[in-house]
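2 protein chains.
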Amino acid sequence: MPFAFLMHDPLAGTLMLLALLWLSAKVGGELAMRLKLPSVTGELAVGLALATLHRAWSAFPDVAASPATELLGGLGVVVLMFAVGLESTVPQMLKVGLASLRVAVIGVVLPMAAGLAGAWLLLPQGSPFMLDLFIAACLCATSIGISAQVLREKGASDSLEGRIIVGAAVVDDVLGLLVLVAVSGMVAAASGAVAGPGLMNTLALALGFLVVAFTLGRLVTPYLFSLASRLRGEEVLLPLGLGFAFLLAWLGNLAGLASIVGAYAAGLILEPAHIEDLERRERRTLEELVHPLVTVLSPLFFVLMGAKVDPAALFKPATLGFAALLAVLGVAGKYLAGFGGGKGTRAAVVGWGMVPRGEVGLIFVAAGAQLRLNGAPLLSAEVQAGVIGTLLITTVAGPVGLGWVLRGRRRS
Amino acid sequence: MPFAFLMHDPLAGTLMLLALLWLSAKVGGELAMRLKLPSVTGELAVGLALATLHRAWSAFPDVAASPATELLGGLGVVVLMFAVGLESTVPQMLKVGLASLRVAVIGVVLPMAAGLAGAWLLLPQGSPFMLDLFIAACLCATSIGISAQVLREKGASDSLEGRIIVGAAVVDDVLGLLVLVAVSGMVAAASGAVAGPGLMNTLALALGFLVVAFTLGRLVTPYLFSLASRLRGEEVLLPLGLGFAFLLAWLGNLAGLASIVGAYAAGLILEPAHIEDLERRERRTLEELVHPLVTVLSPLFFVLMGAKVDPAALFKPATLGFAALLAVLGVAGKYLAGFGGGKGTRAAVVGWGMVPRGEVGLIFVAAGAQLRLNGAPLLSAEVQAGVIGTLLITTVAGPVGLGWVLRGRRRS
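Here the protein sequences line up with chains A and B, keeping their order. Residue numbers for the first sequence follow the numbering used here, beginning at 1 and rising by one. Residue numbers for the second sequence follow the numbering used here, beginning at 1 and rising by one.
Please note: incorrect hints may appear among the correct ones.
As the list claims (entries may be wrong) - So the derived label-pair ranges between C-beta atoms look like this:
| id | chain 1 | residue 1 | chain 2 | residue 2 | range |
| --- | --- | --- | --- | --- | --- |
| 1 | B | L98 | A | L254 | 58 to 66 angstroms |
| 2 | A | P10 | B | Q92 | 42 to 50 angstroms |
| 3 | B | W120 | A | R280 | 55 to 63 angstroms |
| 4 | A | R232 | B | F60 | 40 to 48 angstroms |
Unchecked claim - Just a few of them, taken from the derived set where beta-carbon distance is under 7 angstroms, the chain A residues facing chain B:
| id | residue |
| --- | --- |
| 5 | D9 |
| 6 | A12 |
| 7 | W22 |
| 8 | K95 |
| 9 | A249 |
| 10 | S259 |
Claimed, not checked - Not close to chain B: a few residues of chain A, all C-beta gaps over 12 angstroms, as computed:
| id | residue |
| --- | --- |
| 11 | R230 |
| 12 | A324 |
| 13 | G375 |
No wet-lab data here; the hints were simulated from the structure. If you're wondering where the values come from, they're calculated on a predicted model, not measured in any experiment. Cβ atoms here follow ideal geometry from the backbone N, Cα and C, with glycine treated the same way.
Taking the hints into account, I'd like the entire structure generated from these sequences.
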């Protein structure tokens with residue numbers, strides 16, 4: 001058909017893929033819920049299943065390689081964290097600040113120590129200490145997106161525990177960045193390469209962004225949105241609110257933080273009082289307007305995360321054993337960190353909330369895969385698969401544990 | 001900074017670009033509204049301005065070349081047409097069916113005749129007749145996205161005129177496809193190339209899709225969504241509704257129609273009765289849930305359309321003259337077609353609603369640019385720029401005229 005191209009929309013394939021992803025995400029979420037698991041775990045499993053289907057039958061679309069799902073899923077987690085931020089205010093976060101700080105610091109120190117011990121135990125003798133150190137560093141990250149979604153699902157986003165978890169995740173992002181820079185710097189130094197940016201510079205930049213956002217940002221925002229409320233258009237609030245979130249996500253990323261930290265900060269800064277004129281005119285709150293976007297985009301993120309796992313590399317006995325042991329250490333370290341936030345159930349909720357490693361850990365592995373020690377790559381393919389397996393186990397264990405303690409608490 | 005990549009999110013640039021686009025789209029829309037123009041015209045102008053900025057200062061991001069805005073804008077117009085479809089039902093559309101058919105047929109025949117006359121007048125003597133024919137064909141298309149947005153803005157989407165316009169645009173899409181296939185086939189035949197798919201095949205496929213969607217689709221849909229209402233999840237309606245729309249958009253595109261026709265058909269088919277269980281449980285109607293998506297995505301589409309125009313090719317006196325004369329003929333042809341839908345103001349509303357050519361015309365030009373007659377390209381660069389100029393003028397004239405008659409009607 002020489003004219004087949006005439007009306008062929010290059011978007012058509014993407015439309016089909018998105019329809020498939022939404023349908024399968026919802027079915028997966030439903031199955032998980034019937035098994036009394038958070039629906040996120042079902043969405044992760046669906047992603048893994050779709051990727052396996054593609055490997056088995058190459059005509060099946062490759063979810064993990066689609067730039068469209070990559071983009072939409074990435075936007076999904078940014079919008080999700082903005083929505084979580086909107087549910088709290090800066091003063092509420094300051095109240096839990098000390099608890100979050102304790103949780104974050106314990107949640108970096110303990111998994112690091114446990115990871116070092118585990119790597120020393122599991123790796124063949126004579127492995128470089130730098131490798132132990134890097135594996136331990138991978139256990140420090142916290143992927144807040146998953147816990148945020150579970151907390152939302154259970155209506156606990158604006159609970160005290162929810163705030164401690166998210167606050168700790170922000171601190172964790174700063175600490176994780178430092179650990180990554182420090183370890184990478186040590187590897188580079190051991191190889192005799194030039195040193196990277198100083199630890200102090202990195203820290204100053206990241207903290208500087210947060211301080212400026214929460215001081216200057218809070219002063220300027222009411223003024224910006226009172227300007228915006230003079231616009232006569234009917235559909236102004238959501239595009240401008242999202243624009244604000246994306247701007248801060250971008251700036252945060254320039255300062256070395258994950259984009260989601262900036263988006264979360266934007267949500268915290270924006271308070272109902274700043275936008276009440278616009279909300280009244282559009283007869284919807286910003287939270288209500290953002291909600292459908294989260295509903296549509298965040299399942300794509302979780303399915304995509306599942307789809308990025310290589311089942312062939314994962315399902316080898318040796319890899320699984322390595323991953324399982326490391327995961328137990330990682331879960332234990334983060335779980336104990338929960339006691340930095342309180343006692344009893346509260347400690348359990350916070351601890352489980354810190355367990356998922358997800359995409360932040362994957363960024364670590366990707367960074368590590370590029371490091372070379374004395375000319376040889378630092379991470380072998382087996383170690384990479386093992387660490388990815390660890391991340392996957394924690395990523396599924398986190399929401400399962402969190403859903404379990406939240407359900408138990410509600411019943412009691 | 002050797003570690004700058006460590007935390008650099010590849011999405012960050014896109015986040016910044018989207019923030020910029022939303023902010024500038026809203027400012028452009030505001031300016032247009034203060035000039036008593038529909039805000040779409042302001043968004044188109046903003047796109048043109050951003051593209052000009054990029055050409056003048058290459059450090060400025062290239063909006064038109066960003067795959068992210070291309071994707072999001074494309075999704076935007078699909079979601080917009082789904083939302084428009086949701087506002088009407090199939091029986092309501094059947095009531096205006098005959099009027100829509102008349103408007104569409106006149107709206108293809110008159111601009112075609114006017115275009116032939118205009119091209120014969122404007123092009124140098126000895127130009128091939130095929131070229132006249134192709135230029136005339138470019139004047140037949142109707143880009144419904146823009147009129148749909150103006151009608152929504154003025155609260156007239158579910159008016160009788162609104163339905164006639166959208167119905168005529170669907171018929172127009174089928175007719176436009178036929179004209180395009182016929183003209184391309186004639187060019188190919190004149191060059192001695194193999195003939196394309198028969199006209200009859202193309203017609204049968206496109207009509208077949210519409211007939212199956214409106215008969216079988218209407219029978220199956222209630223059953224599908226009653227299955228969906230058994231899902232226990234809280235956030236099911238929007239992903240599944242959008243999935244349904246995207247699926248029909250994809251199928252429609254396979255049948256040779258524009259994706260937006262399929263998405264519109266999905267909205268028509270889905271009736272409140274099918275989803276009332278889900279709507280009750282989620283305490284929102286599907287229309288309310290889709291609305292924020294339209295708010296966020298459709299401005300990206302209009303800014304992108306503006307950004308795709310090459311100001312350097314457009315702002316030449318010869319091109320402008322050619323474009324202006326052709327545009328007058330094109331506007332007149334479509335305006336007169338409005339009388340197929342009624343008399344007086346109704347004719348004016350329908351006529352102006354059919355005026356914008358927009359992206360459908362651009363698809364025609366892109367298709368024509370690939371055609372060769374006796375070895376030489378059919379469309380020279382000047383003719384291409386002239387036709388694109390024509391499209392641009394109609395695309396701005398349409399919403400301006402439509403806004404003007406709708407305001408006049410409300411006042412009287």
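What hints, given by number in increasing order, does this structure fail? 2, 4, 8, 11
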